[in-house]
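Undergrad: In the order they appear, the protein sequences are chains H and Y. Just so you know, we're using my numbering here: the first sequence kicks off at 1 and counts up by one. Just so you know, we're using my numbering here: the second sequence kicks off at 1001 and counts up by one.
Please note that a few of the clues may not be correct.
Said to hold, decoys possible - What follows is a list of derived Cβ distance ranges for each label pair: (1) H:79 - Y:1219: 15 to 25 Å; (2) H:191 - Y:1047: 30 to 40 Å; (3) H:36 - Y:1036: 30 to 40 Å; (4) H:89 - Y:1093: 27 to 37 Å; (5) H:138 - Y:1076: 42 to 52 Å; (6) Y:1041 - H:192: 52 to 62 Å; (7) H:135 - Y:1218: 51 to 61 Å.
It is worth saying that the hints were derived from the structure and are not from the lab. A virtual CB, placed ideally from N, CA and C, is assigned to each residue, including glycine.
Residue-level listing of the chains:
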Amino acid sequence: MKSVEISLITAFLGGALGFLIAYAALSPGAPRLLRPAFLTFSGVAANFGGVPLAFAFISTLGTVGLATRALDSMGLNPYDHGFTLFGFWGLVVTYLYFQIPLMIIIIAPAIDGLKAEWREAASNLGATSTQYWRYVGVPVLLPSILGSMVLLFGGSFAAYATAYALTSGHIPLVPLKIGELIGGNVLSDPHQAYALAFGMVIVIAVAMAIYFVLERRASRWRRTVQ
Amino acid sequence: MTRSGWFWIAVGVIYFFVPLAATAEFSLKDGDSYSFAAYREIFDDPAFRDTFFLSLKLAVATIVVALLLFIPTVYWVHLRLPQFRPLVQFLCALPFVVPPIVLIVGLLYVYNYQWVPAKYLGSPYYLVPGYVVLGFPFMFFALDNAFRAIDVHTLTEASQSLGAGWIRTLWRVILPNVLTGALAGAFLTFALVMGEFTMASLALFNTFPTYINYIGQTKANPAAALTIISFGITWLALLGILLVGRRPGRAAVQVGGAR
């Protein structure tokens, strides 16, 4: 089963990219207009999922998709280099479409909590930008970033419709397997489906326990700030 | 702003818009030229109308049930049982983390019991309780935000000292004050039901999302057109929230959707 693998990868990539984009668009130095625009578009993209998302990516990166044709005309057809939208990495790219905006929404409060004074204090004490991030920014934000990544993990672990429409079951994912077991005509075995479903609940419970630990660490800074 | 900042913003913008542009292009493609043929084909398809209106009806039913359930619950929690708020909050956040596929497995199991009337099992409204549960987080957090912004105790006392009963207090005093939250929750629930595929497909009902999937496996260009339509629905719901949520301090919960 590739569920855990794909969820870990998309949570990490989505978390990292989402944080970088969110920091660029929401930090105090960014133009004011970017903030509402990014939060609104993120809200739409995070809510846009399921079957239509799969079709959007087929139109983009499918064998005759717009991006595929554009890359092909540059001599970089991804399908010549082992990429296929209907495989593992195709699913990763598609999931990132809702993972990145989800990250932007979840991490926004933490970025808002990053006080401009801290940065000023650091540079007054002679810290370089790297030192600021090494000793102030990252330690403060890390629990929030990791906690958000845990939530992203849950989001992609639960995803069913997108994978169903995109890969038609070629990639072994737990939700697709459960779907086969309770809906399938040939493979029907509800008891195995119950067992797998319970397994998913356990994985999610572990993820949530990690989340609560991280959240407690993250809120330590919020309390001192307020 | 730094150059790397602009780079990441560009990455975000490209990632957001390229798939949409590609889908739009694909939906308008008609052989070698462009036309609205794919959209016409969709709108002329009676199955589109049937499934679309079925999903609309389910969305309305889900919203009504969820509001009837949550407005009194959240009101009572805020008024009399504040110590239970963390518990209710936890319960309502659960559907956000428990995968829908697990919920439908549980729901199918419950529906196996004898006491569920057979007539109900054949009706698509079968899905409504599941959708209400899926919508728990949106409804609860939207309403909870709204209730936190008003003074429940004073409003209730004022209303009762003027002689209003509980129903009248809820309907005439509390509801207008939390309307923003109720509408935000309703819009999110609407977007959720209009996109929910997992439950509908496993329970074998033909709703709008399962229709999209069916078209996707048979016709490519109309599927792209449907994707654009579906994206438009998500936009409308989110715009609705933005419009009703203009008042300060009303940051509605915007995360969710059907995956």
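Undergrad: Decide, hint by hint, whether the structure agrees.
TA: How the hints compare with the structure:
At about 23 Å, the CB distance of residue 79 of chain H to residue 1219 of chain Y agrees with the hint of 15 to 25 Å. For residue 191 of chain H and residue 1047 of chain Y, the Cβ-Cβ distance of about 35 Å falls inside the hinted range of 30 to 40 Å, so the restraint holds. A C-beta distance of roughly 32 Å is found between residue 36 of chain H and residue 1036 of chain Y, which places it inside the suggested range of 30 to 40 Å. At roughly 32 Å, the beta-carbon separation of residue 89 of chain H and residue 1093 of chain Y lies within the given 27 to 37 Å, and the hint holds.
The hinted window of 42 to 52 Å between residue 138 of chain H and residue 1076 of chain Y holds, with their beta carbons roughly 44 Å apart. Checking the proposed 52 to 62 Å range against residue 1041 of chain Y and residue 192 of chain H shows it is violated: the Cβ atoms sit about 41 Å from each other. For residue 135 of chain H and residue 1218 of chain Y, the Cβ-Cβ distance of about 58 Å falls inside the hinted range of 51 to 61 Å, so the restraint holds.
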